[in-house]
Amino acid sequence: MNALAKLLDQERHRVESENKLIVTQDPWRLKYHLMPPVGWLNDPNGLCQYQGEYHVFFQYCPYTVDGSGVKLWGHYSSKDLLNWVYRGTPLLADSPWDCHGVYSGSAYIENDHAYLYYTGNVKFPGDYDYINKGRGAATIRVELNPDGTIGQKQKVLDTDDYPEDYSCHIRDPKIWRQDDSYFMVLGARTKDGHGRVLQYQSKDLENWTLLQEIGSLSDFGYMWECPDIFQLAEDDASAIVTPQTHVLSFSPQGLTRDKEHFQNVYQSGYILLDSEKVYLTEEKPYLLDTDTFSEWDYGFDFYAPQTFTDQNGRQLLIAWIGLPDIEDEYQNPTTEHGWQHALSIPRVLTLKSGKIYQEPIPELKNLRQIQRRFEQKGSELFTVLDTRAYELSLPEIRSDRGRLKIGDDLEFTWQAGLCTLQFLNQTGAGRSKRLCRVDKLSSLRLMADHSLLELYLNDGEKVMTTRYYPQQIVHTLKIEGTDLANLWGLA
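So the sequence shown is numbered by this note's numbering: it starts at 877 and just counts up by one.
There could be a bad hint or two in this list.
No more than 25 Å apart at the CA atoms, straight line, and that leaves these computed lysine-lysine pairs for BS3-like [as the list claims (entries may be wrong)]:
#, residue 1, residue 2
1, LYS1309, LYS1228
2, LYS955, LYS1009
3, LYS1309, LYS955
4, LYS1241, LYS1354
5, LYS1354, LYS1309
6, LYS1253, LYS1281
7, LYS1241, LYS1228
8, LYS999, LYS882
9, LYS1253, LYS1241
10, LYS1067, LYS1031
11, LYS1079, LYS1135
12, LYS1029, LYS1079
13, LYS1316, LYS1135
14, LYS882, LYS1031
15, LYS1153, LYS1135
16, LYS882, LYS1029
17, LYS907, LYS882
18, LYS1241, LYS1281
19, LYS1241, LYS1309
20, LYS1281, LYS1354
21, LYS1281, LYS1135
22, LYS955, LYS1067
23, LYS1309, LYS1135
24, LYS1354, LYS1253
25, LYS907, LYS1281
26, LYS1009, LYS999
27, LYS1253, LYS907
28, LYS1153, LYS1228
29, LYS955, LYS999
30, LYS1316, LYS1231
31, LYS1253, LYS1231
32, LYS1031, LYS999
33, LYS1079, LYS1031
34, LYS1153, LYS1029
35, LYS1354, LYS907
36, LYS1354, LYS1316
37, LYS1316, LYS1281
No lab work stands behind these hints, which were simulated from the structure alone.
Kindly generate the complete structure, drawing on both the sequences and the hints.
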């Protein structure tokens, strides 16, 4: 650790120590979701399982609650995805390549070595727009040691290595291997304002050449962030061999709302790719049909997801439960207690009939306490809860119309496949209503954690996530449209 890194780490430790009390006393702190120790959190980074231990890095600014300071990488690790240990900030803005922020990136594991790739943010002094001029965005690699420390920073791509017709906004490397080559995707914005993905190829993880550009047949936003290409096999128990489908996940900015689609300021979703075109060297971009874009989440708070494959072969997704640039629409009152935002619970991804389903990791069932009971009041199930951390399951919904109401605060309703999540008072801190459509709602699973709700529809066919700020611990649950409900408090 160089002298600047020591100073930055000392300042981080001081800020965390001084603000720890006010943060930990916040009643809206979460029980089983990852949060920043203090200050601001955004994108998950460097997700991996290395030597049997899970690692979650994240964009972290301990100095402010609005993310306006320099970004670092915070670090959590766990052996079971339930009990997490905070490991500090191994990646600091301590070099000329990243002096204005250690931006998002990913991990790559091979032959007992773990590498972290990220974007170094540099803003040059002068009269620049910082879109087309004035910003450096090098791709940097470091090795992650088993003790959580990192090795020497190595620049593998510089701003001059990117195509000339692209803006300064190129970032968020994600790495994978196919056969005897390595591949990297970077999110990008062209100078004329179109979102793209740049795909690079390497034989040694150090020297990279541009393979192709991935774009869209029609306009689909001005910037694509956090690209991630991974493979899923169709979940077909009868098949002897299940071919792998390539998936591109990305977060486009600049889309216009269309009924129940693109309801947030920025979006996140995926497109199933033509696997033969993923590795072609083409002078023309690989243009996607964005009519096939599927959103990962239809709630208020979800962005910048990243996936990784664990040692059990599961493809797991973790996202930022938050969004940039939402201040004009809604807020998070946790800022009054010195912190903001969280990460989603890890979600297991499964491909079924060309659609990706997301379900909470089964490890979360180990948090269940004694099962709670409901009373039948006419056509309604009713119970009183004295905890904000719980799991609710409606496994057999037969009615095409129904309602789940949480206190007097918010309700989830369904009618003929149209699902609505709506706040009834100020507990949404400005959040109002979000819509989602399924052919028929047959099941619902709610994971509640103090000030965060994740709703999984039809075993994860669709998901709706939101922050939620109730004033009372004791509240009621009322359910109409089904006569079977399972409820557990979560430890």
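To see whether the hints hold, each was checked on the structure:
1. With a CA separation close to 29 Å, the supplied pair LYS1309 and LYS1228 exceeds the 25 Å bound.
2. For a cut-off of 25 Å, the pair hint linking LYS955 to LYS1009 is broken: about 44 Å separates their Cα positions.
3. Of the pairs offered as hints, the one joining LYS1309 and LYS955 is violated, with about 38 Å between alpha carbons and a cut-off of 25 Å exceeded.
4. Restraint check: the Cα-Cα separation between LYS1241 and LYS1354 comes to about 23 Å, which is no more than 25 Å; the hinted pair holds.
5. Under the criterion of a C-alpha separation no larger than 25 Å, the hint pairing LYS1354 with LYS1309 is consistent with the structure, at around 19 Å.
6. As the CA atoms of LYS1253 and LYS1281 are separated by approximately 14 Å, the hinted pair is consistent with the 25 Å bound.
7. For a cut-off of 25 Å, the pair hint linking LYS1241 to LYS1228 stands: about 23 Å separates their Cα positions.
8. Among the hinted pairs, LYS999 with LYS882 is consistent with the structure: their alpha-carbon atoms are about 22 Å apart, no more than 25 Å.
9. Annotation: proposed proximity of LYS1253 to LYS1241 is violated, straight-line Cα distance about 29 Å (limit 25 Å).
10. Taking the CA atoms of LYS1067 and LYS1031, the gap is about 24 Å. The hint holds against a cut of 25 Å.
11. A threshold of 25 Å between alpha carbons decides the hint, and for LYS1079 with LYS1135 the separation of about 45 Å lies outside it, so the pair is violated.
12. A distance of roughly 20 Å separates the Cα atoms of LYS1029 and LYS1079; the hinted pair therefore holds under the 25 Å criterion.
13. Pair hint LYS1316 plus LYS1135 holds up; C-alpha atoms about 18 Å apart against a cutoff of 25 Å.
14. Taking the CA atoms of LYS882 and LYS1031, the gap is about 21 Å. The hint holds against a cut of 25 Å.
15. At most 25 Å may separate the alpha-carbon atoms for a hinted pair to count; LYS1153 and LYS1135 exceed this at roughly 32 Å.
16. A threshold of 25 Å between alpha carbons decides the hint, and for LYS882 with LYS1029 the separation of about 16 Å falls inside it, so the pair holds.
17. A threshold of 25 Å between alpha carbons decides the hint, and for LYS907 with LYS882 the separation of about 31 Å lies outside it, so the pair is violated.
18. Restraint check for LYS1241 and LYS1281: the C-alpha separation of about 23 Å stays at or below 25 Å, so the hint holds.
19. As the CA atoms of LYS1241 and LYS1309 are separated by approximately 30 Å, the hinted pair breaks the 25 Å bound.
20. For the hint linking LYS1281 to LYS1354, the alpha-carbon distance of about 5 Å falls within 25 Å, and the restraint holds.
21. Distance restraint check for LYS1281 and LYS1135: the Cα-Cα separation of roughly 24 Å lies within the 25 Å cut-off, and the hinted pair is therefore satisfied.
22. For a cut-off of 25 Å, the pair hint linking LYS955 to LYS1067 is broken: about 44 Å separates their Cα positions.
23. For the suggested pair LYS1309 and LYS1135, the alpha carbons sit about 12 Å apart, so the restraint of at most 25 Å is met.
24. Simply put, LYS1354 and LYS1253 have alpha-carbon atoms about 10 Å apart, close enough for the 25 Å limit, and the pair holds.
25. Proximity of LYS907 to LYS1281 is assessed by CA-CA distance (about 22 Å); at most 25 Å being required, the pair is judged to hold.
26. In summary, the hint linking LYS1009 to LYS999 is supported, as the alpha carbons are separated by about 9 Å, within the 25 Å threshold.
27. The hinted pair formed by LYS1253 and LYS907 fails the criterion: a straight-line CA distance of about 31 Å is larger than 25 Å.
28. Distance restraint check for LYS1153 and LYS1228: the Cα-Cα separation of roughly 22 Å lies within the 25 Å cut-off, and the hinted pair is therefore satisfied.
29. Restraint check for LYS955 and LYS999: not satisfied, since their Cα atoms lie roughly 38 Å apart, outside the 25 Å limit.
30. The hinted pair formed by LYS1316 and LYS1231 meets the criterion: a straight-line CA distance of about 15 Å does not exceed 25 Å.
31. With a C-alpha separation of about 38 Å, the suggested pair LYS1253 and LYS1231 falls outside the 25 Å cut-off, and the hint is violated.
32. With a C-alpha separation of about 17 Å, the suggested pair LYS1031 and LYS999 falls inside the 25 Å cut-off, and the hint holds.
33. Taking the CA atoms of LYS1079 and LYS1031, the gap is near 16 Å; set against the 25 Å cutoff, the hint holds.
34. As the CA atoms of LYS1153 and LYS1029 are separated by approximately 33 Å, the hinted pair breaks the 25 Å bound.
35. Proximity of LYS1354 to LYS907 is assessed by CA-CA distance (about 24 Å); at most 25 Å being required, the pair is judged to hold.
36. About 21 Å separates the Cα atoms of LYS1354 and LYS1316, which keeps this hinted pair within 25 Å; it holds.
37. Taking the CA atoms of LYS1316 and LYS1281, the gap is about 20 Å. The hint holds against a cut of 25 Å.
Figure legend: structure checked against the earlier numbered hints; hints not met, in rising order: 1, 2, 3, 9, 11, 15, 17, 19, 22, 27, 29, 31 and 34.
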